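Okay, so the sequence shown: first residue is 1 according to full-length UniProt numbering, each after it adds one.
Please keep in mind that the hints were generated in silico from the structure rather than gathered at the bench. As the structure is a prediction and not an experimental result, all values here were calculated from the model. Treat the hints with caution; some may be incorrect.
Simulated restraints, written as ranges between beta carbons of each label pair [claimed, not checked]:
1) Thr85 x Arg269: 32 to 38 Å
2) Glu132 x Gln169: 37 to 43 Å
3) Ala438 x Pro83: 19 to 25 Å
4) Arg440 x Thr316: 39 to 45 Å
5) Ala411 x Pro92: 26 to 32 Å
6) Thr207 x Ser284: 31 to 37 Å
7) Arg350 x Arg264: 19 to 25 Å
8) Gly318 x Glu419: 20 to 26 Å
9) Ala99 x Thr316: 38 to 44 Å
10) Glu307 x Arg264: 47 to 53 Å
11) Leu215 x Pro87: 43 to 49 Å
Positions of the beta carbon are idealized from the N, C-alpha and C atoms, including for glycine.
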Amino acid sequence: MKQRILIGGTVVTLAVVGLAIAWLGGFLPSSPGADPERHRSPTGEVPATEQRPGDPAAGYHALVNEAYVSCGMPHEAWRRLAPETDPADLLPGREGRNAELPYFLTAHVNADGVEIVSNNCLVCHAARIEDEVVVGLGDALADFTGDPRNLVNQVGRYVRGPAQTAAWQHWADRIEGIAPYIRTDTIGMNPATNLSWALMAHRDPRTMAWSDTPLLEPPPETPVPLRTPPWWWMGKKNAMFYTTIGRGDHSRYMLFASLLCADRVEELREIDAYAPDIRAYLESLAPPAFPGEIDEALAAEGRPLFEANCASCHGTYGEAPRYPNRVIPLDQIGTDPLYAATMTDGSLDRFYEWVERSPHGGTVRAAPAAGYIAPPLDGIWAVAPYLHNGSVPSLAALLDSRLRPRYWRHAETREYDAEAMGWRHEVLEAGKDAAAPAERVHIYDTTLPGYDNGGHYFGDALSEQERRAVLEYLKSL
Numbered sequence: 001m002k003q004r005i006l007i008g009g010t011v012v013t014l015a016v017v018g019l020a021i022a023w024l025g026g027f028l029p030s031s032p033g034a035d036p037e038r039h040r041s042p043t044g045e046v047p048a049t050e051q052r053p054g055d056p057a058a059g060y061h062a063l064v065n066e067a068y069v070s071c072g073m074p075h076e077a078w079r080r081l082a083p084e085t086d087p088a089d090l091l092p093g094r095e096g097r098n099a100e101l102p103y104f105l106t107a108h109v110n111a112d113g114v115e116i117v118s119n120n121c122l123v124c125h126a127a128r129i130e131d132e133v134v135v136g137l138g139d140a141l142a143d144f145t146g147d148p149r150n151l152v153n154q155v156g157r158y159v160r161g162p163a164q165t166a167a168w169q170h171w172a173d174r175i176e177g178i179a180p181y182i183r184t185d186t187i188g189m190n191p192a193t194n195l196s197w198a199l200m201a202h203r204d205p206r207t208m209a210w211s212d213t214p215l216l217e218p219p220p221e222t223p224v225p226l227r228t229p230p231w232w233w234m235g236k237k238n239a240m241f242y243t244t245i246g247r248g249d250h251s252r253y254m255l256f257a258s259l260l261c262a263d264r265v266e267e268l269r270e271i272d273a274y275a276p277d278i279r280a281y282l283e284s285l286a287p288p289a290f291p292g293e294i295d296e297a298l299a300a301e302g303r304p305l306f307e308a309n310c311a312s313c314h315g316t317y318g319e320a321p322r323y324p325n326r327v328i329p330l331d332q333i334g335t336d337p338l339y340a341a342t343m344t345d346g347s348l349d350r351f352y353e354w355v356e357r358s359p360h361g362g363t364v365r366a367a368p369a370a371g372y373i374a375p376p377l378d379g380i381w382a383v384a385p386y387l388h389n390g391s392v393p394s395l396a397a398l399l400d401s402r403l404r405p406r407y408w409r410h411a412e413t414r415e416y417d418a419e420a421m422g423w424r425h426e427v428l429e430a431g432k433d434a435a436a437p438a439e440r441v442h443i444y445d446t447t448l449p450g451y452d453n454g455g456h457y458f459g460d461a462l463s464e465q466e467r468r469a470v471l472e473y474l475k476s477l
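Just need the whole structure built from these sequences, with the hints factored in.
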C-alpha cells in the first residue's frame with residue numbers, strides 16, 4: 001500500500017467533520033454567563049441559511065493553487081525526502097511548482113523568499129479510485145496514526161540557512177502544539193475535531209496570535225473516531241457536520257487548515273475573500289458514477305422500497321429530489337453515541353465559548369444536537385465504510401446487521417466489491433489486543449469506545465430480495 005508524506009501529519013479542514021469554527025469571518029455572539037444550553041440544538045430538520053455566492057471555476061483554482069496553509073517544509077528539504085510523484089496523482093489546472101506536485105500538496109514562496117510545501121485540503125478530501133483522483137471523496141485509507149513530529153525532525157536535518165530555518169521552526173512549533181491530540185489509533189479515521197480544539201487551545205480568540213503554552217485546557221489526547229464524508233453532499237446540507245455543527249456561512253468553515261499557520265486576523269480575511277468560490281466549487285461537484293453494470297429492472301424494484309423505508313430521512317432522488325436535513329435522535333438511530341454525546345455533554349463548552357469571544361461578527365453557529373444528521377446518498381456506493389465512524393465496511397452489511405464484522409481490516413490492495421458495495425476487506429477473529437503492535441492500526445475493532453457498529457437496523461426488516469433491490473437502486477444515485 002502506497003504511503004504519502006504528509007507535511008505536518010494532519011493539516012485538515014472542517015469541511016469534513018468536527019467543530020464548526022468560523023475562523024475566517026464571524027461567530028454568533030453571546031453574553032458571558034448565558035445559559036449553557038445555547039450551545040445545543042434540537043433534533044429535527046435543520047433550516048437553510050443563505051450562502052455567499054461564488055465562482056466554481058475560481059474556487060477550483062484556489063483549492064489546488066492558493067497557499068491557504070501558509071507554513072510547511074522548505075521545498076529544498078522536501079525534495080530530499082519525497083518519493084517520485086506518481087503521474088496518476090497529478091491534477092489539471094495547477095500552476096507553477098504545483099503542477100509537479102501530488103494533488104495533496106501545494107507550494108508557495110513565503111515573505112522571506114523561501115519556497116514552502118504544505119498539505120492542502122485534498123489530503124483528506126480526495127482519494128483514488130483505481131487510477132483516477134476523485135476530488136471530494138473522503139480518503140478511507142488516510143493514515144493519521146503516526147506522530148507528525150517524526151517528520152518534522154526528518155525535515156530539520158535538511159534545512160539550510162536562517163530563512164529556511166525560520167520557516168521550518170514556524171511549522172515545527174505549530175506541529176508540536178497539536179501533535180499530542182491528533183493521532184488516531186485506526187487508519188481511515190480523521191482527527192479534525194481534536195485538531196479544532198487543539199488549535200483553539202493555543203490561539204487568542206480575538207487576535208489569533210499563537211501561544212506555545214495552551215491558553216485553554218487542551219482536548220483529550222484520543223480523537224473520537226470519525227469518517228470523512230464526501231464533498232459532493234455539500235450542495236444539499238444545511239449543516240456541514242454530523243451533529244448539526246456547521247450552520248450559517250459554510251464558506252467560513254472551509255479553510256480551517258489556515259489556522260494552523262495564520263497568526264493574524266488580516267491573513268484569514270485575505271483567504272476569506274476566495275472562500276465563497278471554494279464553497280461554490282464544492283457545491284458543483286457531482287459524485288462519480290457507479291463503475292459496474294446496474295440491473296435496471298432490479299433498481300426499479302428497489303426505488304419504491306427505498307422511498308417507503310429510507311426517504312423520510314435520506315431524501316428522494318430523480319426529477320424532483322428533496323433532502324430533509326433531518327437530525328435523528330440517538331435513541332432512534334442507535335448508532336455509536338460517543339461523538340454526539342461528547343459534543344453535547346458540556347465537556348467542550350470552553351471551546352464553544354472561545355468561538356463566542358471572537359470579535360468577528362455573527363454569521364455562524366457551533367451548536368450540536370444530541371443525534372446525527374441522516375446524510376444524502378448521492379454517490380453512496382463510493383463512500384465506504386459506512387456510519388459516521390466508518391464501522392460498517394459495506395452497504396450490504398449496513399442493510400443486514402448480521403453481516404457486520406466485529407473485527408475487520410481493509411484488504412492490502414484497494415479493490416471495490418460491487419456485490420457488497422464496499423472496499424474489499426478481511427474479517428478477523430480477534431481485535432487490536434491480539435495483534436502485533438504494528439498491525440493494530442489496520443484493525444477496525446468495533447468493541448472499542450466510539451467504534452461500535454450497532455444501530456441503523458432499518459434494513460433488517462426487509463427480505464433478502466428487497467435488500468438486493470434497494471442496493472441496486474443505490475448504485476444509481
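Against the structure, the hints come out as follows:
The hinted window of 32 to 38 Å between Thr85 and Arg269 holds, with their beta carbons roughly 33 Å apart. The given range of 37 to 43 Å is respected by Glu132 and Gln169, whose C-beta atoms sit roughly 38 Å from each other. The supplied range of 19 to 25 Å is met by Ala438 and Pro83, whose beta-carbon atoms lie about 21 Å from each other. Range check, Arg440 to Thr316: Cβ separation about 42 Å, and the 39 to 45 Å hint holds.
At roughly 30 Å, the beta carbons of Ala411 and Pro92 sit within the given window of 26 to 32 Å. Judged by the Cβ atoms, the range 31 to 37 Å given for Thr207 and Ser284 holds: they are separated by roughly 35 Å. Under the hint 19 to 25 Å, the C-beta atoms of Arg350 and Arg264, about 24 Å apart, fit the expected range. Hint check: Gly318 to Glu419, Cβ distance near 25 Å, so the stated range 20 to 26 Å holds.
Ala99 and Thr316 have their C-beta atoms about 42 Å apart, which keeps the hinted 38 to 44 Å range intact. At about 51 Å, the beta-carbon gap between Glu307 and Arg264 stays in the expected band of 47 to 53 Å. Here the CB-CB span from Leu215 to Pro87 is close to 45 Å, well matched to the stated 43 to 49 Å.
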